[in-house]
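Given the structure of chain A, go ahead and fit chain B onto it with the hints provided.
Number of protein chains: 2
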Amino acid sequence: MTDTNSPSPSRRSLLGWGGAGLALGAAAAGGAVAMARTEDDTAPAAAGSAIAFHGPHQAGIATPVQDRLHFAAFDVTTDDREVFVQLLKDWTEAARRMTAGHPVGEGAYGGLAEAPPDDTGEALGLKPSRLTLTIGFGPSLFEKFDLADRRPEALVDLPKFAGDNLDKNRSGGDLCIQACADDPQVAVHAVRNLARIGFGKVVIKWSQLGFGKTSSTTPEAQTPRNLMGFKDGTRNIAGTETDRLEKFVWVDGKDGPSWMEGGSYLVARRIRMHIETWDRTSLQEQEDIFGRDKGEGAPVGKAKERDEPFLKAMKPDAHVRLAHPDSNHGATILRRGYSFTDGTDGLGRLDAGLFFLAFQRDVRKGFIPIQRSLATDALNEYIQHVGSALFAVPPGVRDKDDWWGRTLFSKEA
Amino acid sequence: MTDTNSPSPSRRSLLGWGGAGLALGAAAAGGAVAMARTEDDTAPAAAGSAIAFHGPHQAGIATPVQDRLHFAAFDVTTDDREVFVQLLKDWTEAARRMTAGHPVGEGAYGGLAEAPPDDTGEALGLKPSRLTLTIGFGPSLFEKFDLADRRPEALVDLPKFAGDNLDKNRSGGDLCIQACADDPQVAVHAVRNLARIGFGKVVIKWSQLGFGKTSSTTPEAQTPRNLMGFKDGTRNIAGTETDRLEKFVWVDGKDGPSWMEGGSYLVARRIRMHIETWDRTSLQEQEDIFGRDKGEGAPVGKAKERDEPFLKAMKPDAHVRLAHPDSNHGATILRRGYSFTDGTDGLGRLDAGLFFLAFQRDVRKGFIPIQRSLATDALNEYIQHVGSALFAVPPGVRDKDDWWGRTLFSKEA
Chain A
1 MTDTNSPSPS RRSLLGWGGA GLALGAAAAG GAVAMARTED DTAPAAAGSA
51 IAFHGPHQAG IATPVQDRLH FAAFDVTTDD REVFVQLLKD WTEAARRMTA
101 GHPVGEGAYG GLAEAPPDDT GEALGLKPSR LTLTIGFGPS LFEKFDLADR
151 RPEALVDLPK FAGDNLDKNR SGGDLCIQAC ADDPQVAVHA VRNLARIGFG
201 KVVIKWSQLG FGKTSSTTPE AQTPRNLMGF KDGTRNIAGT ETDRLEKFVW
251 VDGKDGPSWM EGGSYLVARR IRMHIETWDR TSLQEQEDIF GRDKGEGAPV
301 GKAKERDEPF LKAMKPDAHV RLAHPDSNHG ATILRRGYSF TDGTDGLGRL
351 DAGLFFLAFQ RDVRKGFIPI QRSLATDALN EYIQHVGSAL FAVPPGVRDK
401 DDWWGRTLFS KEA
Chain B
1 MTDTNSPSPS RRSLLGWGGA GLALGAAAAG GAVAMARTED DTAPAAAGSA
51 IAFHGPHQAG IATPVQDRLH FAAFDVTTDD REVFVQLLKD WTEAARRMTA
101 GHPVGEGAYG GLAEAPPDDT GEALGLKPSR LTLTIGFGPS LFEKFDLADR
151 RPEALVDLPK FAGDNLDKNR SGGDLCIQAC ADDPQVAVHA VRNLARIGFG
201 KVVIKWSQLG FGKTSSTTPE AQTPRNLMGF KDGTRNIAGT ETDRLEKFVW
251 VDGKDGPSWM EGGSYLVARR IRMHIETWDR TSLQEQEDIF GRDKGEGAPV
301 GKAKERDEPF LKAMKPDAHV RLAHPDSNHG ATILRRGYSF TDGTDGLGRL
351 DAGLFFLAFQ RDVRKGFIPI QRSLATDALN EYIQHVGSAL FAVPPGVRDK
401 DDWWGRTLFS KEA
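Same order as they appear, the protein sequences are chains A and B.
Letter by letter, the first sequence follows residues 1 to 413 in full-length UniProt numbering.
Letter by letter, the second sequence follows residues 1 to 413 in full-length UniProt numbering.
This is chain A alone, in the form it adopts within the complex:
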């Protein structure tokens, strides 16, 4: 098999993604998944730095949290179910290649000069960087393609929460792609190439870059700090905690519907922080609000970050106290949020905060009760939720013949 990282003009295929979707039209795109390709071609380009794409669950959930994020919500613009299904297959193949560190298509460059390159090229020569691509389906998708009766009960319309100030241009979406990688250029490249493959079928509704992870799913790691300078969510579910993953994250066969078995539900919330106000708050008040000390991250009265918190030692409106499972009938979520900074607003204030991402088996027993409990959170004076979305995250792609969403769209599933 050719090394896709060296020029191989003779191997470039007319059926590559770029040529297919854009230069040759939808008919050719239909043949794209039939491209001859050996197993070697999708093997990791650099061992140890690629995350397996195939599995019972999608990667990017229990996977140790990567450093950077590019998240994109799409709206579907085609009303042709077959075209959309073909897109999901094309996306799957591209995701399979990119997560392994390969460019999209066989002839990313050095190939047929008359067609656009299959791959946009900015990740050529970069490592796989633990790229994961995770797809989710929003409630509005189920109003299309005769999917209404397949919408999961758990895929609710999120209620309005106290303090919400949601921008519809940063909320919702028929589907989403979460791209996480240790190199932001790899994550941005992935979203861009998926958007390109989807040209004329889907369009990006909104997107968000995250520059720093705020959660860890690795038990031994320190919890990273958010932009308020605090560790938060220190008892996050670790990717190795099979029991808690089964209990709180993965949809079970009896949860229904069957097509979601092995999947999860993703809540995305863009939480703007009033950074400048926060920075003028005394250390004592900051620590009271979180219910932790700022340096170590230990709960009030304790010495270490991971010490079991004594909730009654905290103020009644402390963040840790209100968010803790003991205050919410055991409600537990897997957090995977990222810090963002999107420049400066018209008043010279940083447009910065937390892009909150949480996975759970059922939002009605996860994010919703926790967020309701946080209605009295002392932190609310310093934050505002300005974007919101909920997605049903289907199970993983099992093997090279499987594709994203098959269990939803296949008649037999």
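None of these hints come from the bench; they were simulated from the model.
Computed from a predicted structure; not experimentally measured.
Idealized CB from N, CA, C, for every residue including glycine.
Interface residues of chain B toward chain A, partial, derived using beta-carbon atoms under 7 Å:
1. Ala115
2. Pro117
3. Pro184
4. Gln185
5. Val188
6. Ser207
7. Gly212
8. Arg280
9. Ser282
10. Leu283
11. Gln284
No more than 35 Å apart at the CA atoms, straight line, and that leaves these computed lysine-lysine pairs for DSBU-like:
12. A:Lys127 <-> B:Lys315
13. B:Lys127 <-> A:Lys127
14. B:Lys144 <-> B:Lys168
15. B:Lys302 <-> B:Lys315
16. B:Lys247 <-> B:Lys312
17. A:Lys247 <-> A:Lys400
18. B:Lys304 <-> A:Lys127
19. A:Lys312 <-> A:Lys365
20. A:Lys312 <-> A:Lys302
21. A:Lys127 <-> A:Lys400
22. A:Lys127 <-> B:Lys302
23. A:Lys302 <-> B:Lys127
24. A:Lys254 <-> A:Lys168
25. A:Lys89 <-> A:Lys127
26. B:Lys365 <-> B:Lys168
27. A:Lys89 <-> A:Lys365
28. B:Lys127 <-> A:Lys315
29. A:Lys89 <-> A:Lys144
30. B:Lys89 <-> B:Lys127
31. A:Lys168 <-> B:Lys168
32. B:Lys315 <-> B:Lys160
33. B:Lys315 <-> B:Lys304
34. B:Lys144 <-> B:Lys89
35. B:Lys127 <-> A:Lys304
Frame of chain A; chain B shown alone:
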């Protein structure tokens, strides 16, 4: 000396930046630079990952390009020269600490509970990450503080170039801070804390995050790719090329004014790329436009990226040909640009491109002739300059008693 990375409540100083600027007022801030501190306290927290702050030139110019950028342009809001000079001193001290991997102030956390923490905290526990902080002074600063007769001749008002579509909200600024680091959280933390120290004296006018470097100043390194998937500026000036730095980057004593000796001039241009259009362009056209092949980055007709280009083999409007020193009477600049992606515009297109940063001894012999030459660049169909700024970058801070801008503001200089 205390380790500032462990809680040391007794050492927290009332004169720390946060307390000084915000809680205690300007009078206390005036005393902040007099804080007792030993040399140890500003030594790099982790050897090998901190860049020296002191030197004849500011770091962040010839320094090997770091992975990430946070760039902020400020406007001055105080009209009190002494207050502004004190701010420059306070900023210098904070920059000295942060580039060495220390938090701002002595008692960043664990300290006096009644005052805001000296440091916002989100970089606690992170490595210095080769952070550099580089200050520049814009033309408009010289309309203040009786500086008019000290404005360098070379600090011109940039002319309007063909195709410019400049947004005034992304252009200009009385001064700028370029923060580069291998960890974006470290760069963001630095700009945020400088903005915080400057509260009431300066305000951020605009800012830009860059997620991927597009230039290298390390001779052996591959040139990183821009978001068009191409290597560009491959014969960039390397940080080790003393001769070319002297000739093209550092202001000489006879260039004038004397306060700029050892400094440089920084051009910042926000260049939006029409990514989606570019991605639909054939490989041949892309390669013709740049004058390189996409895979290796070799000039037309050559085999390797660094092979000397034969300009006449390229189309007359090829980017490499028009930008090459041989087409511009030898004009040469040091490039330090970064790719940016700032979400999506209202049409679902990525707001992405190149945040171009170039340092030169004199823009009238550097950026201006090159950019004029690029008026006929074939690339212009796919890009648009939407932001622009020029700054005089003063010489380096020599030692712990020196401060940013001393040569400009001191009577004796």
